[in-house]
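Protein chains: 8
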Amino acid sequence: KRQGFPEIVFGEGKSAEQIISIIKALRGKGNNVLVTRISKDKANLVQRVCAEFMYYDIAEILLWKNEENAKPDNLKGYINILCAGTSDLKVAEEAAITAEALGCNVNRIYDVGVAGIHRLFDHYEEIQQATVSVVVAGMEGALPSVIGGIVSHPVIAVPTSIGYGANFHGLSALLTMLNSCASGISVVNIDNGFGGAYNAALIYQLAQKGAEKE
Amino acid sequence: KRQGFPEIVFGEGKSAEQIISIIKALRGKGNNVLVTRISKDKANLVQRVCAEFMYYDIAEILLWKNEENAKPDNLKGYINILCAGTSDLKVAEEAAITAEALGCNVNRIYDVGVAGIHRLFDHYEEIQQATVSVVVAGMEGALPSVIGGIVSHPVIAVPTSIGYGANFHGLSALLTMLNSCASGISVVNIDNGFGGAYNAALIYQLAQKGAEKE
Amino acid sequence: KRQGFPEIVFGEGKSAEQIISIIKALRGKGNNVLVTRISKDKANLVQRVCAEFMYYDIAEILLWKNEENAKPDNLKGYINILCAGTSDLKVAEEAAITAEALGCNVNRIYDVGVAGIHRLFDHYEEIQQATVSVVVAGMEGALPSVIGGIVSHPVIAVPTSIGYGANFHGLSALLTMLNSCASGISVVNIDNGFGGAYNAALIYQLAQKGAEKE
Amino acid sequence: KRQGFPEIVFGEGKSAEQIISIIKALRGKGNNVLVTRISKDKANLVQRVCAEFMYYDIAEILLWKNEENAKPDNLKGYINILCAGTSDLKVAEEAAITAEALGCNVNRIYDVGVAGIHRLFDHYEEIQQATVSVVVAGMEGALPSVIGGIVSHPVIAVPTSIGYGANFHGLSALLTMLNSCASGISVVNIDNGFGGAYNAALIYQLAQKGAEKE
Amino acid sequence: KRQGFPEIVFGEGKSAEQIISIIKALRGKGNNVLVTRISKDKANLVQRVCAEFMYYDIAEILLWKNEENAKPDNLKGYINILCAGTSDLKVAEEAAITAEALGCNVNRIYDVGVAGIHRLFDHYEEIQQATVSVVVAGMEGALPSVIGGIVSHPVIAVPTSIGYGANFHGLSALLTMLNSCASGISVVNIDNGFGGAYNAALIYQLAQKGAEKE
Amino acid sequence: KRQGFPEIVFGEGKSAEQIISIIKALRGKGNNVLVTRISKDKANLVQRVCAEFMYYDIAEILLWKNEENAKPDNLKGYINILCAGTSDLKVAEEAAITAEALGCNVNRIYDVGVAGIHRLFDHYEEIQQATVSVVVAGMEGALPSVIGGIVSHPVIAVPTSIGYGANFHGLSALLTMLNSCASGISVVNIDNGFGGAYNAALIYQLAQKGAEKE
Amino acid sequence: KRQGFPEIVFGEGKSAEQIISIIKALRGKGNNVLVTRISKDKANLVQRVCAEFMYYDIAEILLWKNEENAKPDNLKGYINILCAGTSDLKVAEEAAITAEALGCNVNRIYDVGVAGIHRLFDHYEEIQQATVSVVVAGMEGALPSVIGGIVSHPVIAVPTSIGYGANFHGLSALLTMLNSCASGISVVNIDNGFGGAYNAALIYQLAQKGAEKE
Amino acid sequence: KRQGFPEIVFGEGKSAEQIISIIKALRGKGNNVLVTRISKDKANLVQRVCAEFMYYDIAEILLWKNEENAKPDNLKGYINILCAGTSDLKVAEEAAITAEALGCNVNRIYDVGVAGIHRLFDHYEEIQQATVSVVVAGMEGALPSVIGGIVSHPVIAVPTSIGYGANFHGLSALLTMLNSCASGISVVNIDNGFGGAYNAALIYQLAQKGAEKE
Ligand SMILES: Nc1ncnc2c1ncn2[C@@H]1O[C@H](COP(=O)(O)O)[C@@H](O)[C@H]1O
Ligand SMILES: Nc1ncnc2c1ncn2[C@@H]1O[C@H](COP(=O)(O)O)[C@@H](O)[C@H]1O
Ligand SMILES: Nc1ncnc2c1ncn2[C@@H]1O[C@H](COP(=O)(O)O)[C@@H](O)[C@H]1O
Ligand SMILES: Nc1ncnc2c1ncn2[C@@H]1O[C@H](COP(=O)(O)O)[C@@H](O)[C@H]1O
Ligand SMILES: [Mg+2]
Ligand SMILES: [Mg+2]
Ligand SMILES: [Mg+2]
Ligand SMILES: [Mg+2]
Ligand SMILES: [Mg+2]
Ligand SMILES: [Mg+2]
Ligand SMILES: [Mg+2]
Ligand SMILES: [Mg+2]
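Residue numbers (our numbering), protein chains in the order written: chain X, 1 to 214; chain A, 215 to 428; chain R, 429 to 642; chain E, 643 to 856; chain H, 857 to 1070; chain C, 1071 to 1284; chain S, 1285 to 1498; chain L, 1499 to 1712.
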């Protein structure tokens, strides 16, 4: 496991009791502990026992940051998390909180949709200057193609299941991203904000250290 | 049938002989005659007998313009035909030649891809000022969403089968277009450049006349 | 944004509070405000605060018509909204209310199914004389093909998810419409009555003004 | 096997030699012999040895009618074989020749498409008065729904693989037919003209005899 | 509409009030009235007003048999309704009650599965002697192929959505039936017991009358 | 690798030269060598250099049986290879030759189709008495269900791509087999006769030895 | 039916009353009785009447072991049941309890995932020495390939529906297993732990007896 | 465009003449020029005119390395390109040559399949010590999951279309990779070796420079 990375628990399908017993065991290692896909109700049950955990509503993440693992204050660069608006917020926030928990600087840009390309240009500079971008998009999923065309850093595309009809629960956005004609884009599973951030964080950390120190 | 519109023959799966006998019959009506999806070889065979027909290589269209049906010279406005480059040219030209044969002014813009959004802005004004746009796109098929976001006229989206792998012969582009978050976009079948132009021409002609004269 | 068109809010997935705050902001611009896909319960909560809004039950639309934006009384022509019966009513009404909110004359014809072709012919004249038709159909989705064959104006086809078994949630109707052998048909997403009407309204307004005045 | 029915050989994937040896064996039984899906070249090789066989080009059927099995001349009623035009001719003729070989009167109506509903009404009476109809259709496959709506006898629907793009090799037409809102329609495999005719012939023969004589 | 056939109402998606008002109108014509896909609760509401209607629990059918339309007592032959057991009972009973309501003799055989081929042979004679068979099957949907191989009358195959996993809600059974190597099988939509019976009844009535009286 | 089993080379996509160099290396180990999916032409090129190899036309297998590895003559039991007829022969023979090369007794039964269930009962005893059965079937793929219902030994089902239309290149048969309601059936990839036989041979060898001697 | 095997009832979709009446009848035969896919609530209702039945929570199985059918104590070998962790536990336990009820020794290994290949090697010996393995896996379903590569006994692969997004309810794992490049793997339906165990038990029993005693 | 990166031409669907005229223009910029997906024949035609280009047979790449752009000799680290054997070689080499042309050190490991997990462990150290890995896999596509589980650097997964039957032209491998339970994996389109390498090269260059110098 990557040094300094938190212990990670996939909360979906686990009971509060199961999660409590897992995180009790993990906490001992001293690493931060990140529980994803945990509903508010379940999180509250866990927090009664593990009061040091903080819950992020939109992201549905439960996180314990061990104070000893403070994020270094000399981090260079940042990870963009981009999406078009409120519908994709849940997945974008799962990515953002995860990336922060993995020790990265994060820059949220949440109002840049393909159908309103002008807003995207208001953020032109900050989009380009990131180390890596995570682009979250539902419906037709075209945003990563546009971003990939204007940046020269790696883009991790995260399709979401937002949409209806011929969207087929995110299949439309997934195919769009896999077929992008922009270079430098790779794709993770539908709604997998965590995975998008994890890949971005690995890249971000490589850039931090530079190859010399490997 | 729309007045002044040409007679239309779908050439695919018909022999040169069958096409010759059909267009001989149609010519009598005095309308222009448009044969789509006809290969160069087949067209040459037809032209030996019907020398007045002209063949458009890229579009694979064979066309007879009866001189009596000259396009009026007081046409207002134009139809944009947009695509990203050489791969989608065949379908774009099928649309362009069809729209001209249906009596419309056509404005070709063939280098505006989503992955290089800057080139698109070089054509900003002329894109916006059209009466209607036909947007042809393969691979991820995101171009109509971008165009739809910057124009206030109707957009007819034509997915193409250009691509490979998870493109699934144009399915990817088709789904993208059906799920577009821009308003004012409707979609025709994969590779149906003819259909895209036909819809655009109906709209263009309505705009010509204005509702008053209906 | 098209001049004179209302502000549009997609209600699905937004809370009553979120909608209230959005429409309060939008109302300031003086344009009409149209909220689609909003359930009766949610609409009632909004209406307590924004009493000037009217709710359309079947369409699940909440609408504020600013009296200053009265529909001009010299409109020429109309948009047909056609469907086969009660099952597709929700989507047809979403289209009809939207088209009216976009300033168009609307002509509802709600009893013309493919399986009972005779009823369709009782409306023959009024179907043909429209400026543009929105055809809503579920199950096998064949109605747009039949309408497209008897009119010379543009047809916007809206597949619905009504059906069961091999219908696959509207996929059957969607494919039917994309493969129509009638010319002049373009398609929007499954259940997208709003989109069908939006496209039709763009065309209708073009026909109103005539190209001369653009 | 139904009494009086021919022996049937599925020619696809069998060599001329294999077919010759099979039909030599079958001929002994005295029944007519019907070979479907046999190309012209292969059929010619067979005919050199079995000169009494007749080849039907469009249907790609090779048939031996034993003179002793003459079709009774007091047959009541007939089977409609309907399609929209030249593209579906191969499948329609496979159905027509098969139905005749199975001892039925056949009435071909080959120019009735959904997109040109008027021509269909020119045949209104003869369509209705048949005992059973086989309706062959490609692209959107809507014809069986229209026919099913105007007749009160059984309709066997045969989707064809004619089309392109979102047609998916006949899937579109197949789904259309399975989802038909007209009652009295059942469906066979894509391009299975033989199967459509076989089902129709079983029904036709039941109607001939009447239940009393069973 | 077929003479003597009942008026038919598709109950799904209609409220009790809507159904009551429809059947009140229909009853006036004197024909029997058949309401399919109506839950027990909804049916009870209807029965409070229309007490002469009878509800069939398993089939979820509500039926009014006008005493004046008594089934003739000189019917020849019968329709088999076959299925493998309790899982497919609902669809089989929808078919059986429908066929009876359409004036046919019905023979239920509900314990003949492909995986226990022996039980099928206990019914060998009665299976073969029917006029037409409706074969209902879920999971792998192989029963119609086996029945089709041992009878010489028409078989209407009804796939059901019973199953899980790679069954894909009945797709597996549907494809099986469309690809059957037995001749004389045609297919209706998944779970469409009504449609299976309707087709069978049309055939049964043709056999009743015999062609002479047409 | 299982002791006594041959070395296996997947011939598809390898050139004659590549295959020659591979088998030269493998021959040294003394094991038999089995090359699957090798066309006749390619096999002939190989045989010029490796004359001791024998080619099986229908199975498209090239095999070297080292005389030192003679099949023991005290084998108990046998593997059934079942299919319905000529169309599935290639896959059935790939299975049969493979099973023999893996040192098993093989019993071919190649005329037992679901649509003609009677022929299957002529082989009733020999089908039941095998140690394990490999059942090869295309089109609707129902044969394994029927066999699985009458035997109490394991059945390996091999779907083939034989069929057309809604067969979707073997998908229909594959789904049928995965959804079988008979117990004791497991499935391998479409057209994977080799895999079917390999699984059967592993089971057969277990039965030979009996657990005691493991 | 295999001698000594229990009577098996598929509980899904049957009421407690139906199950009670079925098992009362079956119990008479003296065989053990195994009810699969029965929820805790339903099982409790059954146990009130049939108190001798034991319920297995995770597996959702209700089982009666007739004391007279004690498992022989001289069984050789065992069946591995392998999975990666808690998510696939339900299906793995359905397999394990079934295999035990079918009279087999079972060895559970529930912490061997593809993404943590090291843990798998801690169990290397016991994995290899089994008679047959049942490998349960969701998400990407790669575990059977890895196991198949290190054992020389048959592997029954059971895909589960665990996952989200592009998992498509187990389709991903199913396809992975069917396409495995390891030999000796066959596959059952998604979530079919019962079926996986049934196949394994048939093989296990063959190995017990050895071919000599058949 | 990334500084120092070559100009890239997608050769598929372009004629030799078109390619010649494009590369003549590009060469002027002084950057290296990389033409992907160009057949040997087409490449030879180009080389007659542009003799300084070198052709890579397996990768089907045509490359001009401007001597002035020599790869720096102080590169730290390397990119793994991993695949299981000869079938996936074409895609793996497209990735390897591309990565080298993009100025990266490349380490090819071409014999590590999931079904023979032992060979993978022979390369354990060199696999782990790379900066980033490109994992190419067809059939079940499970290799990236295994690699992702043992490395802590980013993995780019490239599914290939190698396989048959239920492989569905690479869909199986694509889904496997998207559903991987290992973290740190992202995916590109089927057969997109170029794209896999391009993403890896972006990451590799970030690691070279370290964030400080950005
Ligand atoms: N029923 C609908 N279906 C699809 N798109 C819609 C619908 N109603 C509104 N929209 C679109 O949603 C946009 C507003 O989305 P939002 O900003 O999320 O409220 C509008 O501009 C329309 O393009
Ligand atoms: N065109 C066709 N499409 C589908 N099935 C056919 C066709 N022609 C013949 N058959 C079937 O193939 C059977 C003969 O197959 P075979 O014994 O292989 O020659 C006949 O009994 C028919 O059921
Ligand atoms: N016809 C076949 N279908 C599927 N897999 C096969 C076939 N023949 C051989 N194989 C597998 O291919 C492996 C050899 O592949 P290769 O090393 O590429 O020659 C064998 O170990 C078998 O697992
Ligand atoms: N093998 C490949 N697969 C996918 N995309 C490629 C490949 N090779 C080149 N490209 C992309 O194609 C673009 C050039 O396309 P074009 O301008 O049509 O030659 C490059 O910038 C790449 O993004
Ligand atoms: Mg880029
Ligand atoms: Mg717009
Ligand atoms: Mg029209
Ligand atoms: Mg009818
Ligand atoms: Mg039959
Ligand atoms: Mg069995
Ligand atoms: Mg193995
Ligand atoms: Mg890793």
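By construction, these hints were calculated from the structure, which means they are not laboratory data.
Everything numeric in this text was worked out from a predicted model, so none of it was measured.
Just so you know, even glycine gets a beta-carbon here, dropped at the ideal spot from N, CA and C.
One or more of the hints may lead you astray.
[Stated by the list, open to error] Below, a sample of chain H positions facing chain R; criterion: calculated Cβ distance under 10 Å:
#: 1; residue: Ala872
#: 2; residue: Leu882
#: 3; residue: Val905
#: 4; residue: Ala907
#: 5; residue: Glu908
#: 6; residue: Ser1017
#: 7; residue: Asn1048
[As the list claims (entries may be wrong)] With beta-carbon atoms standing in for the labels, derived distance ranges:
#: 8; chain 1: S; residue 1: Gly1400; chain 2: X; residue 2: Asn44; range: 40 to 50 Å
#: 9; chain 1: R; residue 1: Asn497; chain 2: A; residue 2: Gln343; range: 32 to 42 Å
#: 10; chain 1: C; residue 1: Gln1199; chain 2: E; residue 2: Ile792; range: 50 to 60 Å
#: 11; chain 1: L; residue 1: Glu1510; chain 2: E; residue 2: Gly655; range: 43 to 53 Å
#: 12; chain 1: A; residue 1: Gln343; chain 2: R; residue 2: Leu503; range: 44 to 54 Å
Hint by hint, here is what the structure shows:
no.: 1; hint: Ala872; verdict: 14 Å, violated
no.: 2; hint: Leu882; verdict: 15 Å, violated
no.: 3; hint: Val905; verdict: 20 Å, violated
no.: 4; hint: Ala907; verdict: 25 Å, violated
no.: 5; hint: Glu908; verdict: 24 Å, violated
no.: 6; hint: Ser1017; verdict: 7 Å, holds
no.: 7; hint: Asn1048; verdict: 7 Å, holds
no.: 8; hint: S:Gly1400 - X:Asn44: 40 to 50 Å; verdict: 31 Å, violated
no.: 9; hint: R:Asn497 - A:Gln343: 32 to 42 Å; verdict: 26 Å, violated
no.: 10; hint: C:Gln1199 - E:Ile792: 50 to 60 Å; verdict: 58 Å, holds
no.: 11; hint: L:Glu1510 - E:Gly655: 43 to 53 Å; verdict: 33 Å, violated
no.: 12; hint: A:Gln343 - R:Leu503: 44 to 54 Å; verdict: 25 Å, violated
Hints 1, 2, 3, 4, 5, 8, 9, 11, 12, counting from the list given before, are not met by this structure.
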